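Trainee: Required output: the full structure, derived from the provided sequences and hints.
Chains as they are written, first to last, in the numbering used here: chain D, 341 to 584; chain C, 717 to 776.
It should be emphasised that the hints constitute simulated quantities derived from the structure, not laboratory data.
Computed from a predicted model, the values in this text were never measured in an experiment.
Be a bit skeptical, because a hint or two may be false.
What the hints assert, rightly or not - Keeping only pairs whose Cα atoms sit at most 30 Å apart, straight-line, the calculated DSSO-like set for lysine-lysine is: (1) C/K754 with D/K360; (2) C/K754 with D/K580; (3) D/K580 with D/K360; (4) D/K425 with D/K360; (5) D/K425 with C/K754.
So you can see what is in the structure, the chains are spelled out below.
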Amino acid sequence: MKTDVGPRSQSAGNISLAMKLVLALTLVAVGASVFMTFAYAPEHRVQGNLQRIFYSHISTAGICYIAFIIVAIGGTMYLARRDPKWDRLARAAALLGVVFTTIVLLTGCIWGTGVWGACWTWDPRLTTTLVLWFVYVGYLMLRGYIDEREQKRRIAAIVGIVGAVVVPVNYLSVFWWRNLHPQSTIIVEGRGGLAPEMLQTLIVTFVAFILLFGLLLRLQVRLERLSDAAADLRMAAFAKDGAY
Amino acid sequence: MTSIDSGLLLLLIGYGIVWLGIFGYLVYAVTRLRSVEKELTGLGGGPHDANYGTESPGGD
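Mentor: This is the structure in structure tokens:
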């Protein structure tokens, strides 16, 4: 029986020109983001230098949303087409989503320590972010508990789709329940909105993180693909040796 | 330590967490990739083969 892991498009040592360009663009964007964060964006009048964490915090939060939407899309496509590549995409996005959500929670804690005087409060935005983290950690753990591959993919797809409901709840939580966490100040016109240099820094940082996320997602999808292939070969070897 | 100093210190810790998280993941992924590629080669499939064997119940 043939495996569901298809042929590779390129080898590890043979990076395409397009990939090299994306890699170079990512490095430039990350470098620009670091420079703008520390040297270009003005210091906040009230929060001082600590406010500069905002650019990474907001950008990684945006990446979390993108990652968990990809998990839901991957799950939906898997249920519709039963093609394992969608499941691998969902699995890869979930892992990266957890990494970025952890970063968001920790940078939020750092910011809260300096500005609120507390690392954590049960603010609706913070609480729903923690819920989001638990949902996707649970998603990854669940996959480890189910042995049968088709069943695992099906159940994971459903959890990924249902779990994505927390994403809009998390985003809208600051509007639904007013509390400590600031509302969006990016698109507010007039007083209270971001200074142009701050907005430019935020945009560059967000672009840098999107590019970085794209590269990491590609790497993780490849890892998932090879892991599936190794599992297939392992099982075939066991079957051949009469272990099964 | 002044409040500006502590703000800068917290910023550097926060920024360190961001990049530690990303590079930590990157180290994990590359290490795991190398290990899986080595395993594939050992199993006779090789990471660059089109066909890897049979469908199995595991996978993650």
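Trainee: Given the hinted pair D/K425 and D/K360, is their alpha-carbon gap at most 30 Å?
Mentor: Holds, at roughly 24 Å.
Trainee: Under the criterion that the straight-line Cα-Cα distance not exceed 30 Å, is the pair D/K580, D/K360 satisfied?
Mentor: 42 Å, violated
Trainee: Within a Cα-Cα threshold of 30 Å, do C/K754 and D/K360 meet the stated pairing?
Mentor: Holds, at about 25 Å.
Trainee: Just to be careful, I want the Cα atoms of C/K754 and D/K580 compared with a cutoff of 30 Å; is the pair within it?
Mentor: Holds: C/K754 and D/K580 sit about 21 Å apart, inside 30 Å.
Trainee: Compare the distance between the alpha carbons of D/K425 and C/K754 with 30 Å, and conclude whether the hinted pair is satisfied.
Mentor: 22 Å, holds
Taken one by one, the earlier hints fail for this structure only at number 3.
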